[in-house]
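A.B. asks: Letter by letter, the chains look like this.
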Amino acid sequence: MSTSSPALPASEQVRSDLLRPLLQTSWKFYVLVAFLGAIVVAALAAWVTQMTLGFGISGIRWPVYWGFYVTNFVFWIGISHAGTLISAILRLVNAGWRRPVTRCAEVITAFALIIGAMFPLIHLGRPWLAFWLFPYPSERMIWPNFRSPLVWDFFAINTYLTGSLLFLFLPMLPDFAIVRDRATGMRRRIYGVLALGWRGTPTQWHRLETAMQIMAVAIIPVAVSVHTIVSFDFSMAPVPMWQTTIFGPYFVAGAIFSGIAGLIIAMAILRRVLHLERYLHPVHFQNLGKLMLVMALLWGYFVFNERLVTYYGNGASEMQVFWRTQRLTFAPLYWTMVVCNFVLPLVIMGISRFRTITGCVIASIGVVIGMWLERFLIIVPSLGHKYLPYSFGTYSPQPVEIVITVGTFAAMTLLYVLFAKFVPIISIWELTAVQHPSPALIPPATAEHPLGETHA
Amino acid sequence: MKAIYGLYTHGASAQSAVDRLRAAGVADKDITVLSPEPREDLALSHMHSRTYMWHFACLGGVIGFSAATALAYISETSWPLNVGGLPVVAWWPNLIIMFELTMLGAIVATIITLIVSAGLGVTRRGIYDPEVTSGSILVGVENPPDSSVDAFEQALSAPPGARVKKI
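Chains as they are written, first to last, in this note's numbering: chain X, 8 to 463; chain H, 8 to 174.
Note that these hints are calculated values from the structure, not bench results. Don't be surprised by glycine CBs; every beta carbon is placed ideally from N, CA and C. Check the hints yourself; a few may be wrong.
[Claimed, not checked] Taking CB as the label site, the calculated pair distances span: (1) Ala45/X x Lys172/H: 49 to 57 angstroms; (2) Leu51/X x Ala19/H: 55 to 63 angstroms; (3) Ala19/H x Phe176/X: 50 to 58 angstroms; (4) Pro137/H x Leu172/X: 23 to 31 angstroms; (5) Ala97/H x Ala45/X: 44 to 52 angstroms; (6) Pro94/H x Ala323/X: 48 to 56 angstroms; (7) Ile119/H x Arg133/X: 54 to 62 angstroms.
[What the hints assert, rightly or not] Which stretches of chain X does chain H cover? Using the computed rule of at least three CB atoms under 8 angstroms from a CB of chain H, they are: (8) 105-114; (9) 168-181; (10) 193-205; (11) 210-221; (12) 303-310.
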């Protein structure tokens with residue numbers, strides 16, 4: 008992976024380009040917000056209908072109690088791994104090319120986590136009783152079972168969400184100050200509050216960069232733990248093809264995989280819509296594409312492990328679930344998943360000629376579809392075919408679940424659009440800082456890099 | 008006079024202004040420097056760079072770990088549920104809670120340390136000029152003694168491209 012920084016425009020041009028979306032609003036913005044907002048409202052109406060009429064209008068019933076909602080929960084938590092984890096790793100290794108990418112990525116984490124965390128509430132049926140999940144002593148003599156993976160989820164997701172929001176917010180302080188100094192009226196006051204009195208003293212810069220380093224170190228293991236713990240929701244249960252030690256790393260790899268795909272799609276849309284061609288270069292997509300290729304290979308490796316061990320073990324119940332996905336009811340979805348998650352990225356990202364922005368986006372769309380199918384195929388076939396025949400059953404999603412699922416994709420897009428409207432989607436100060444690298448950080452020129460290579 | 012400061016578009020000029028203020032007898036702690044981005048290429052950005060943020064982060068982690076240990080232990084022993092044959096206080100599952108709250112403690116401590124040590128807050132204190140966020144570097148002195156104003160003005164205006172302001 009290249010660490011060289013692509014050429015960037017001068018500082019004033021950077022400020023002007025990246026503040027333009029905040030200061031100018033096209034009619035297309037309002038149309039898009041109205042369109043996405045309508046879908047979100049439809050999803051909220053579907054949710055209210057489900058609360059009013061009861062869970063019976065969904066397709067979730069014994070024995071398949073986890074359907075689209077838990078699929079979406081795991082999927083969005085996985086997508087959230089795009090941002091903070093990737094950004095933290097790139098910050099720690101001081102990859103120069105990360106600068107235009109990090110905030111685009113961190114925003115995905117924040118919103119995907121919020122959306123993902125909604126699904127346990129939606130899945131409750133009676134969300135006003137959600138506080139029963141929280142770890143507090145109650146007069147009903149119910150105390151959370153600290154040995155339950157659901158309580159682990161509560162702690163892990165909230166820690167990751169808190170860390171990710173702060174990791175996103177901290178580097179925005181200097182950018183809020185830039186907007187504050189250019190805005191007037193109410194907008195100036197709002198950005199003034201958000202900037203927390205930022206002035207740009209050497210102490211503030213130093214503390215901010217130190218805090219970002221500490222946050223990066225802390226957030227990486229938390230990110231890994233979150234999806235490991237989400238995998239424990241499954242692997243701690245005596246259900247065929249769930250109780251396996253490989254689920255932790257398998258889920259983490261899958262989360263990073265789908266996260267990178269989500270990031271590539273978001274970057275490509277931003278590049279096109281906000282005219283960020285001078286900042287999001289093909290090299291950014293190529294580097295992320297190479298990372299996605301590595302994750303595709305890793306994903307294939309884990310799937311092979313999972314499948315081979317089950318096949319070789321030849322347990323009766325496990326083999327029934329195995330064949331349901333390989334040859335029977337779920338085979339079309341399973342093989343679509345394999346094509347989307349393995350064949351497509353391997354071909355497109357593996358051949359350098361195809362590793363263009365368009366190629367990266369096509370492969371990423373495939374991966375997002377494939378990873379959603381993977382979550383679905385982990386949950387539904389196993390729950391519908393447990394150890395004893397009396398617990399066999401089927402699942403067919405109902406309109407309410409489909410509308411809510413589509414609504415979450417619209418909600419994610421809407422939140423992203425609104426964020427890009429009110430906050431510079433690329434960190435301005437991090438881009439302008441690269442023009443003043445510390446001399447100590449510039450290695451001398453080499454035959455390979457005749458102009459030297461900036462690691463700042 | 009509340010302050011006297013110069014605005015510089017080039018880092019070398021700002022550094023020269025800092026050096027001249029030092030030569031005029033101003034201590035580092037009394038020189039205000041504001042820049043639109045971190046300028047690690049300049050010596051002026053390395054003033055006040057000592058921090059105990061890592062120590063406070065570790066302390067936050069210890070507090071988080073202790074809180075998680077106490078929460079899990081007290082909860083489990085107060086309502087001893089039998090879950091799948093596990094002991095009442097099952098340390099392997101508890102490690103997850105302890106890990107998460109350790110990291111949360113470290114993160115929260117880092118943020119508190121940042122806010123306190125960097126002087127962040129809703130209101131802005133000290134010299135400021137909006138030209139800083141437009142790319143200029145500000146070098147100045149707050150509450151200069153009347154007898155030194157001329158010397159400071161001379162020091163600040165000497166570097167090329169300087170624009171000196173008094174407020």
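A.B. asks: So, against the hints stated earlier in the document, which numbers end up violated here?
C.D. replies: Numbers 3, 6, 7, 8, 12, in rising order.
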